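**Q** Residue numbers (the working numbering), protein chains in the order written: chain X, 1 to 124; chain H, 1 to 145.
Simulated from the structure, these hints should not be mistaken for lab results.
Treat the hints with care, as some may be off.
Estimated spans, in silico, between C-beta atoms of each pair [to be verified]:
hint: 1; chain 1: X; residue 1: A54; chain 2: H; residue 2: G130; range: 22 to 30 Å
hint: 2; chain 1: H; residue 1: D108; chain 2: X; residue 2: D32; range: 43 to 51 Å
hint: 3; chain 1: H; residue 1: G58; chain 2: X; residue 2: T99; range: 29 to 37 Å
hint: 4; chain 1: H; residue 1: D44; chain 2: X; residue 2: A40; range: 25 to 33 Å
hint: 5; chain 1: X; residue 1: D57; chain 2: H; residue 2: A7; range: 36 to 44 Å
hint: 6; chain 1: X; residue 1: S106; chain 2: H; residue 2: R33; range: 22 to 30 Å
hint: 7; chain 1: X; residue 1: R30; chain 2: H; residue 2: L71; range: 34 to 42 Å
hint: 8; chain 1: H; residue 1: R59; chain 2: X; residue 2: T99; range: 21 to 29 Å
hint: 9; chain 1: H; residue 1: Y70; chain 2: X; residue 2: A55; range: 41 to 49 Å
hint: 10; chain 1: H; residue 1: R59; chain 2: X; residue 2: T58; range: 44 to 52 Å
hint: 11; chain 1: H; residue 1: G24; chain 2: X; residue 2: D32; range: 19 to 27 Å
hint: 12; chain 1: H; residue 1: R51; chain 2: X; residue 2: P95; range: 19 to 27 Å
hint: 13; chain 1: H; residue 1: Y70; chain 2: X; residue 2: P95; range: 30 to 38 Å
Residues from chain X that face chain H, not an exhaustive set, calculated with beta carbons under 10 Å [to be verified]:
hint: 14; residue: A70
hint: 15; residue: G73
hint: 16; residue: T74
hint: 17; residue: S77
hint: 18; residue: G103
hint: 19; residue: S115
hint: 20; residue: A119
Values in this document were obtained by computation on a predicted structure and should not be read as measured data.
For each residue, glycine too, the CB sits at the ideal point set by N, CA and C.
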Amino acid sequence: MTVSRRTILVAMPVGVAAAATACRDRKPPRPDPDAAALAAARDTEQRLVASYDAAGDTRRRDVHAAHLAALGGTMPSALPQVPADPRGLVRASVPTLQTAAIGAHSGHVAAVLASIAAAHLAGA
Amino acid sequence: MTSTVDAALQAALGVSHQMVYGYGLAAAHLSGRPYAAALAALADTETRRDRLADLLRGRGQVPAAAAPAYLPPGPVNSPATATALCLRLEHAAEGAAWDLVAAGAPGDDVRALGVRWLGVAAVRAAQWAGPAAAPAEPALPGQPA
């Protein structure tokens, strides 16, 4: 049997894969580089949902609940602090969300953050 | 070789070509404030179209040329149909901008352009839709269906 280069190259990854698996088992999971931006955006949306819920504005509540869901969040059991001026919070969030979108590592996260910023800019 | 970024840029350029044609068509049936808004959107779109073409050239790509004419989705012969066309143009812009944001790299010009464009398009869409139609506007502008 001729041992070709291809055979060697195909055979090697088995050992490499085993070593890599062992290494992977020992390493802690890599932190999500977008976690902080997502957490900040979720916090804002939770406060807006609570605010519009309290005000009985179901249309705006539903919009911000959709934003919260897109960010992978849910409403906490303990109600978050309700902003005194929810429209002001919406406006103030736009540059923060846009900056976070531009810097996000994940393209999908970036698009979600940019879209929420756009909705806030349009008066959500 | 064409990358995802190049494809998103070409698609955005294609939407921009359609918007330039569409806003010109719509403006002919508008007057007053809506007419001024259509002209402002047209000028803004022309600037963005040229920027998109520059970005493509900078990546070694040939920007797609505009078609001589485009067929609107329905007759455009009144202020109402012209306004409806403007709304559709901005919804298309939202989709193209979303794709640019998703395709761009962190901090690069493509991503930044997409983020700004998505905001502009959402604001314009809300204006064309009008306050009564605002609830019908999507919660996440540009998100693929």
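**Q** For each hint, tell me whether it holds in the structure or not.
**A** Quick rundown of the hints versus the structure:
Taking the beta carbon of each, A54/X and G130/H are about 28 Å apart, inside 22 to 30 Å as hinted. At about 21 Å, the beta-carbon gap between D108/H and D32/X misses the expected band of 43 to 51 Å. A C-beta distance of roughly 24 Å is found between G58/H and T99/X, which places it outside the suggested range of 29 to 37 Å. Here the CB-CB span from D44/H to A40/X is close to 30 Å, well matched to the stated 25 to 33 Å.
Taking the beta carbon of each, D57/X and A7/H are about 40 Å apart, inside 36 to 44 Å as hinted. S106/X and R33/H have their C-beta atoms about 40 Å apart, which leaves the hinted 22 to 30 Å range violated. Separated by about 49 Å at the C-beta atoms, R30/X and L71/H break the suggested range of 34 to 42 Å. About 25 Å separates the C-beta atoms of R59/H and T99/X, a value consistent with the hinted range of 21 to 29 Å.
For the pair Y70/H and A55/X, the beta carbons lie near 44 Å from each other, so the given range of 41 to 49 Å is met. Separated by about 46 Å at the C-beta atoms, R59/H and T58/X satisfy the suggested range of 44 to 52 Å. About 45 Å separates the C-beta atoms of G24/H and D32/X, a value inconsistent with the hinted range of 19 to 27 Å. Separation of R51/H from P95/X is about 21 Å and conforms to the stated range, judged on CB atoms against 19 to 27 Å.
Checked against the hint of 30 to 38 Å, the C-beta distance between Y70/H and P95/X comes to roughly 35 Å, which is consistent with it. About 6 Å separates the beta-carbon of A70/X from the nearest beta-carbon of chain H, less than 10 Å, and the hint is met. Interface restraint check for G73/X: the shortest CB-CB distance to chain H comes to about 14 Å, outside 10 Å, so the restraint is violated. Interface restraint check for T74/X: the shortest CB-CB distance to chain H comes to about 16 Å, outside 10 Å, so the restraint is violated.
Taking 10 Å as the C-beta contact cut-off toward chain H, the hint placing S77/X at the interface is violated, the least distance being around 24 Å. Because the smallest distance between the Cβ of G103/X and any Cβ of chain H comes to about 5 Å, under 10 Å, the interface hint for this residue holds. With its C-beta approaching chain H no nearer than about 4 Å, S115/X sits inside the 10 Å limit, and its interface hint holds. Proximity of A119/X to chain H holds as hinted, the smallest CB-CB distance being about 6 Å (cut-off 10 Å).
In summary, the structure is inconsistent with hints 2, 3, 6, 7, 11, 15, 16 and 17 from the numbered list given earlier, while agreeing with the others.
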